Amino acid sequence: MMIKATDLTKTYQMGPNEIRALINVSLSIEAGEYVAIIGPSGSGKSTLMNVLGGLDRPDSGRYFFDGEDVLAMNDDALAAFRGSKIGFVFQSFQLLPRLSARLNIELPLVYAGMVPGERRRRAEAMLVKVGLGQRGDSRPSQLSGGQQQRVAIARALASEPRLMLCDEPTGALDQKTGREILDLLEALNRQGSTVLMVTHDLQIASRARRIIEMRDGAVIRDGAPQ
Amino acid sequence: MIRTSDLFWSAVNAITAHPMRSSLTSLGVLIGVAAVIAITSVGLGAQSSVTSAISGLGSNLLIVTSGAARGGGVRLASGTGSPLTETDLQALARNLDATVSGSVRGQAQVVAEGTNWNTQIEGVTANYLVTRDLKIAEGRDFEDSEIVSRRKVVILGATVTKELFGSADPIGQRVRISNTPFEVIGVLAKRGQAGFGMDQDDIVLAPIGPVRSRVVGRRLRSSAVSQIFIKASSSDALEALESDAKEILRETRRVREGSEDNFSVQNMASILEAGRSATQTFTLLLGAVAAVSLLVGGIGIMNIMLVAVTERTREIGLRKAIGARSRDILVQFTLEAVLVSSLGGFWGLLVGISGAWALAQFGGWPTTIPVWAAPVSLLFSSVVGVIFGALPAWRAAQLHPVEALRRD
Ligand SMILES: Nc1ncnc2c1ncn2[C@@H]1O[C@H](COP(=O)(O)OP(=O)(O)OP(=O)(O)O)[C@@H](O)[C@H]1O
Ligand SMILES: [Mg+2]
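Chains W and D, in that order, are what the protein sequence lines are. If you want my numbering, it's the 1-based position in the first sequence plus 790. If you want my numbering, it's the 1-based position in the second sequence plus 172.
Don't read these hints as lab results, they were simulated from the structure. Some clues are possibly wrong.
[What the hints assert, rightly or not] DEER-style ranges, computed between Cβ atoms:
id : chain 1 : residue 1 : chain 2 : residue 2 : range
1  : D       : L456      : W       : M804      : 51 to 59 Å
2  : W       : I809      : D       : L551      : 22 to 30 Å
3  : D       : L456      : W       : D859      : 36 to 44 Å
4  : W       : R999      : D       : L196      : 56 to 64 Å
5  : D       : E483      : W       : R810      : 44 to 52 Å
6  : D       : T188      : W       : D859      : 23 to 31 Å
7  : D       : L196      : W       : Y802      : 53 to 61 Å
8  : W       : Q981      : D       : L196      : 32 to 40 Å
9  : W       : R952      : D       : N185      : 48 to 56 Å
10 : D       : V555      : W       : S931      : 35 to 43 Å
11 : D       : V184      : W       : Q924      : 38 to 46 Å
12 : W       : R852      : D       : L551      : 35 to 43 Å
[As the list claims (entries may be wrong)] Partial pick of chain W residues on the chain D-facing surface, computed with a CB cut under 7 Å:
id : residue
13 : I813
14 : L817
15 : N840
16 : L845
17 : D846
18 : A869
19 : G873
20 : K875
21 : Q884
22 : R888
23 : L897
24 : P898
25 : Y901
26 : G903
[As the list claims (entries may be wrong)] Not close to chain W: a few residues of chain D, all C-beta gaps over 10 Å, as computed:
id : residue
27 : A446
28 : A493
29 : I525
Predicted model only: the values in this text are computed from it and were never measured. Quick reminder that beta carbons are idealized off the backbone N, C-alpha and C, glycines included.
Only chain W is shown next, with the shape it has when bound in the complex:
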């Protein structure tokens, strides 16, 4: 089992109100799976992704990744965990505008301490993998939204992570481009990447082999699409 999380709870204090973003969420994910998380806005999908990716800590619960106790890690170990095991893809791409596509892809490898030559080779390979072999020198502002998201996916893939966490990766794209991104993610999954993806689109979700549905911070359904 790659991921084993039990009773994850997270509460936000908003003035006098408590917002329960996660309520006793338990789930397991095996390596190689392709899982879609759906649910209405505010149901806790992003919060769950952030906890699983080691970006945020839950208030309580247990979380093991490849048998390692993630919640016992200190901040530096958690940073290393994010850098080596997780590849994030965000709705808003989150590319650094000053850097070329290639340097954006190299960035996780920079923090991993990889030497420049090796980094560059790895970035070029990732560019080819996402279908942007010729655009390595372009700045993000010179690329279309779909192309930017491809660069972001290449960046997530660069450190050969165990798990891809994609929070609404098609949310900022038109339908056709969104489809292409999903095709890419599915292709990557067939090549062995484990993908966990948040989406609003039920049609998109139905292409996944497993759907987790959330409401008000709790998992209300977990299984294959009907």
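Chain W is fixed; fit chain D with the ligands onto it per the hints.
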């Protein structure tokens, strides 16, 4: 773990992304460093010219003048009490293990063939040249017998020689001072300017007797000496010599037990020290004022770095999401501040040195560029970067990745 060279380059990239902003930020430090260097150069220059002016009066030297006498409760300036005499001089010479001389001083017209020159006439006793560290360039010193027999011979300073004789040989020539003919027996070695625009070579030396009677005139008692010079063999002996001299003088000048000295003994070493510390204080004060501008430059850096952290919040969140530790963010932003600041320090160093050089070249100021200028300004500007970059960098490092990524 991130490589050091990558940290460095990411800082360089961030700085070059905003060339105008970065230059203006380092300008603050530049001005501060340049001001500190230029001002200390001027201060040190003043200090060394004061030092050379005072040490030009002679080293290891005590100067005795009459005065510091009490007149009805009013303390009079030195030189106003009952004058020193040959008796005092001889008592000192006999009892001290030092070289002692005395002099009287007047101003007169010196006339040579066809020309004349107004200068200072110093009537001296034996050993005067030794006590004042004066050297003969041509001719010879006075012989003791010439002093005793009040011979009318003179030794000329370099300036006087040039004014009266040009390039001709003055030895053996005659000059007239107050209508009395004197024979030139020597020329003093050049000593140069003493600071304050004083020409130490504009002087004529003659035996004390004739000068007392012909130049200074009736006002003076026949055995009067206006100044006595005591030269110690070493600077260590100076203090003991000073108290011995005072004791001897109190006796010869019949100062009663408990009453104040009617003479004063000035220790040139301590005057030198006082002059030195006065200019030093002055330099420190101005330097401190300049350092305040460095502080302002540092605050400018802090300001811009805080703006940068706000602007780049999402970048910081992203970097953390892909594996950057808080420490990596801290170092990166601190390094940016240090680079901007030391860039200012480097240019400030060049501008400060050029400024000091220009003041010396075109303003005629005596400037001394301190040897520590280069290392200290580079080190100091880096330290300014660390200090004022620390708070913004710390803020950046503390950002929560999820919140940082959500910021727009
Ligand atoms: N930093 C925070 N402070 C307060 N409340 C928060 C914070 N972050 C999230 N929440 C709340 O937690 C709940 C879950 O938020 P989350 O972002 O996980 O929802 P989501 O399912 O991703 O929604 P969406 O589909 O709109 O992205 C929401 O009610 C949200 O308002
Ligand atoms: Mg969300």
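Looking back at the numbered hints, which does the structure fail to meet, lowest number first?
Of the numbered hints given earlier, those the structure breaks are 2, 3, 5, 6, 7, 8, 9, 11, 12, 13, 14, 20, 28, listed in rising order.
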